[in-house]
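Just so you know, the sequences run in chain order A and B. So the first sequence is numbered by the working numbering: it starts at 68 and just counts up by one. So the second sequence is numbered by the working numbering: it starts at 68 and just counts up by one.
In case anyone wonders, no lab produced these hints; they're calculated from the structure. Cβ coordinates follow ideal geometry from the N, Cα and C atoms, glycine included. Be aware that one or more of the hints could be misleading.
Examples of chain A residues lying across from chain B (beta carbon under 10 Å, computed) [claimed, not checked]:
1) Tyr93
2) Ala96
3) Asn99
4) Gly103
5) Thr124
6) Glu138
7) Tyr139
8) Arg161
9) His165
10) Leu180
11) Leu183
12) Leu195
13) Trp197
14) Ser203
15) Glu210
From the derived model, a few chain A residues whose C-beta atoms are all more than 12 Å from chain B [as the list claims (entries may be wrong)]:
16) Lys69
17) Val101
18) Glu104
19) Ala128
20) Arg157
21) Ala162
22) Lys178
23) Ala215
24) Glu216
25) Glu246
26) Glu275
27) Asp278
Each chain is listed here by its residues.
Number of protein chains: 2
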Amino acid sequence: MKLYGYFRSSAAYRVRIALNLKGLAYTQAPVNLVKGEQRSGANLARHAQGLVPVLETDEGAQLTQSLAICEYLDERHPDPALLPANATGRARVRALAHVVACEIHPLNNLKVLKYLVGELGVDDDAKLAWYRHWISEGFDALEAMLTAENGTGAFCHGDTPTLADICLVPQVFNAERFECDLSTYPTIRRIAERCNDLEAFQKAAPGEQPDAG
Amino acid sequence: MKLYGYFRSSAAYRVRIALNLKGLAYTQAPVNLVKGEQRSGANLARHAQGLVPVLETDEGAQLTQSLAICEYLDERHPDPALLPANATGRARVRALAHVVACEIHPLNNLKVLKYLVGELGVDDDAKLAWYRHWISEGFDALEAMLTAENGTGAFCHGDTPTLADICLVPQVFNAERFECDLSTYPTIRRIAERCNDLEAFQKAAPGEQPDAG
């Protein structure tokens, strides 16, 4: 398989973790988001939104949207599972994943930050406050869910990594990069550290990628 | 089952469509987002983010995040299916759904619009431009995917409604409500109209809910 991504893209980072957890071989084709390569004709032909990641399967299908790709990998390569066996547990894991993927990350995307600065004339301080606001709002909820709900174990759900951890770790990476205060999120930090003990997560980290600048 | 929602919430609208497509009985418990009832202790106990929807199952589980709920319903009540049988088709349907759920809708949420006006002092015109910008960017991509890719049929994927249509229709409803120009999206409009021919979609529409104002 071939992964079109970018070392710092949260969404590509998620897919790298999933591929590594599954032990699947893949090559990487970097698309430089800072240079605008995602808007090139070649990338738009693969991804109508002009984004990354795109996973090209061995059958030649070009899959987009990181969570859709992770679910695909889990269906095609079920072992080890990224979702628990029972429907209620699966719903919990997906809900935790979606707090990151549908509530935090979409607001802190490069294209959104560019709109804030360009169209709305927001200054650097207000941009950083925006960034941190959505992380803290989302992490407040995640921390509450992870401490109050029964399913939490060594990882977000139980004692093996799931789709929820795959979303959490790149978001924690971004939060640390933008120096967000994570002192009030002991459970999030504990789980992210546990994940980062694993080679699958280590090898997926932005600094380990061939295009890391 | 019991659905905590709000008539105009896009996310609750998705869950109503899914429940109706499955032919499942449910009662509704409205949470008035304009009055701020989502921040009440009762709602926060159900949903740590202080949002809707929450689906309370007959076993007493309280499920959050609309797409996680729809996937749960599809797993527990497989007929009629909301996802195609093969993994590549499922990835495509989820990707189409996520264009709406992870790229358009999170940016146009009530809490985001409030932040723009409150913290960033954005005026009404700029707020409306923001709203329309993310819809048009997302719909440009969706229209391209729906016209260029093989899977599209009477609905977003094939000839029966899927998770992609469940996300599309509430987003089209919002676009129309904010008078976005949809003339360049003939495929999106065709599919949304086809969906709205079905009773499951009609009965889920905001104007049909008990709390419609």
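Which hint numbers doesn't this structure obey? 1, 2, 3, 4, 10, 12, 14, 19, 20, 21, 22, 23, 24
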